[in-house]
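Required output: the full structure, derived from the provided sequences and hints.
As they're listed, the protein sequences go chains V and R. Residue numbers for the first sequence follow numbering that gives the first Met the number 0, beginning at 0 and rising by one. Residue numbers for the second sequence follow numbering that gives the first Met the number 0, beginning at 0 and rising by one.
Derived by calculation from the structure, the hints in this document are not laboratory data. Owing to the predicted nature of the structure, the values given are computational and were not obtained by experimental measurement. We treat Cβ as the ideally placed atom computed from N, Cα and C, and that holds for glycine. Careful, some of the hints might be misleading.
Claimed, not checked - Computed, partial: chain V to chain R, Cβ under 8 Å: (1) Leu140; (2) Asn204; (3) Phe206.
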Amino acid sequence: MKSKSAAMAIMGICTLYFLVPIWWLVVGATKSRSDFGNTAPLWFADVSLGQNLGELFRYRDGVFLRWMLNSVLYTGGAALLGTILAAMCGYALAKYRFPGREAIFNVVLGGVLVPATALALPLFLIFSQLNATNTFWSVFLPSLVNPFGVYLARIYATASVPEELLEAARLDGSGEVRTFFTVSTKLMFPALVTIFLFHFVAVWNNFLLPLIMLGNERLFPVTLGLYTWNSQVNQLPELRMLVLTGALVSIVPLVVAFLLLQRFWRSGLGSGAVK
Amino acid sequence: MTRRKPAAAILFFVLPFGLLFIAFYLAPIGYAIKQSLYKVTRTGTFGPAREVFGGLEQYQRVFENGPFWSSIGRVLLFGVVQVPVMLGLALLLALLLDSGLVRGRAFFRLAFFVPYAIPGVIAAIMWGFLYSPNLSPFTAVTKTWDLLSADLVLWAMANVVTWVYVGYNMLIIYSALLAIPQEVYEAATLDGAGPIRTAWSVKIPLVMPAIVLTTVFSIIGTLQLLAEPQVFRTFSSAVSSTYTPNLTVYSTSSIPNFNLAAAFSVVLALATCVLSFAFLKVTQRGADK
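Here it is in structure tokens:
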């Protein structure tokens with residue numbers, strides 16, 4: 000009995016630690032600028048969330064909505080396309096024997112240990128040789144590559160796609176590529192969701208690449224946009240409420256998506272970690 | 000049964016990723032190494048700049064650069080404290096979730112995981128407000144300790160990183176715990192082991208691979224610290240433009256001195272690889288015994 004209450008107490012305290020900052024953000028984003036500084040920070044005053052949102056979406060010709068759209072394209076687009084590419088490569092490494100297979104796998108595995116931030120500066124130098132910095136592609140294209148996804152895809156393909164099934168598909172006259180897209184991807188689907196989530200978070204958290212690459216604010220992802228607003232708060236205090244409201248708006252879709260997809264994290268991480 | 004060699008299909012599967020990997024992973028690494036071996040010279044003070052081969056001159060400057068090495072020392076100190084605290088908490092929460100002592104497991108799992116959905120920049124902005132004495136809801140704390148002062152700001156950032164990543168690491172360890180077969184516990188119970196004894200001598204050794212994995216990822220993450228200190232520069236003057244190694248790379252590239260910045264990048268990437276590889280080797284040796 001005693002250990003049960005101790006366990007519940009620890010869980011309760013940790014819940015407060017993890018959720019109070021988010022609660023504070025939700026409450027703060029509903030307040031007017033003067034209420035934000037003068038009322039109890041953890042409880043609602045007059046609700047002016049609508050005004051804050053209106054101001055956020057109108058500020059500088061609606062640049063915030065543009066940032067949100069950019070983030071969807073950079074992170075969602077790159078993660079979706081990158082997952083397909085990683086799945087194809089990992090699948091081939093798992094299911095076919097060909098010269099250079101182990102060499103390719105080892106080089107890709109080495110790539111997992113190279114941190115993405117170490118690549119940002121050289122990527123900038125290469126893109127500036129091509130006069131292609133400060134473009135959508137300069138952030139999007141490098142974000143497509145996810146060696147960890149190839150590693151996971153190889154493990155999952157080995158575990159979840161039986162050889163007999165591939166042989167049966169071959170006897171039916173199905174081509175290798177068609178078999179991959181119609182049969183194998185279905186078997187690998189939960190794993191693909193996990194790879195997608197990993198990739199999504201990696202791109203979403205890669206701050207140095209857009210910071211170094213982009214100068215035009217209409218190309219910014221929402222993280223970089225909110226960062227620039229926040230660094231101007233001392234000169235333009237009215238930006239503070241926009242930063243808070245923008246932070247809330249930008250994380251709500253993600254929190255919802257992550258919670259809905261949580262079972263994929265667990266199943267995927269379990270097999271990835273134990274392997 | 001003879002196996003056909005579907006060479007065209009293999010190329011189709013491997014090439015798209017392979018080409019992008021070469022263009023945006025291998026080529027930048029090669030280019031950074033090349034750039035780090037060059038230097039810019041001018042004839043006279045205002046003459047045209049020329050890039051000439053400089054050998055290891057940039058690396059010599061990296062090794063003589065005091066602020067860079069103190070930034071490395073800073074993130075190592077950060078890692079030595081923050082990584083064990085974060086993973087210890089993650090392990091404790093995972094064991095509690097798995098122990099049968101806790102009701103409402105689904106709720107706690109979700110609640111602890113929520114911060115992971117928040118990108119580092121935005122988490123840092125939120126906590127920056129929470130630490131600011133005139134905005135914080137925790138005035139009792141912020142009035143006693145100035146969390147944004149030179150002494151404490153490193154640990155204030157450690158808290159942000161811990162807050163974001165505990166739930167994620169907990170989930171990795173928890174899924175490893177779920178994969179342990181029930182028979183193992185039955186054997187432990189027959190031997191008369193209590194819950195704490197079981198956790199210590201059965202569960203923790205069995206989830207060691209997951210803990211090693213999360214430690215490697217945490218080491219890499221620590222050496223790459225960028226978003227949090229970059230954001231905290233707005234809140235605290237104690238965070239300089241060379242506070243972490245990656246901030247040094249960024250500020251050197253905006254001078255701009257690309258050759259030196261490339262050398263910083265190469266040294267940092269090497270240090271990261273060596274450190275995570277060494278950790279993997281050491282823990283493997285420990286496991287083989």
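Now the hints, each set against the structure:
1. Leu140: 6 Å, holds
2. Asn204: Hint on Asn204 of chain V: holds, closest Cβ of chain R at ~5 Å, below 8 Å.
3. Phe206: 4 Å, holds
Comparing the model with each numbered hint stated earlier shows that all of them hold.
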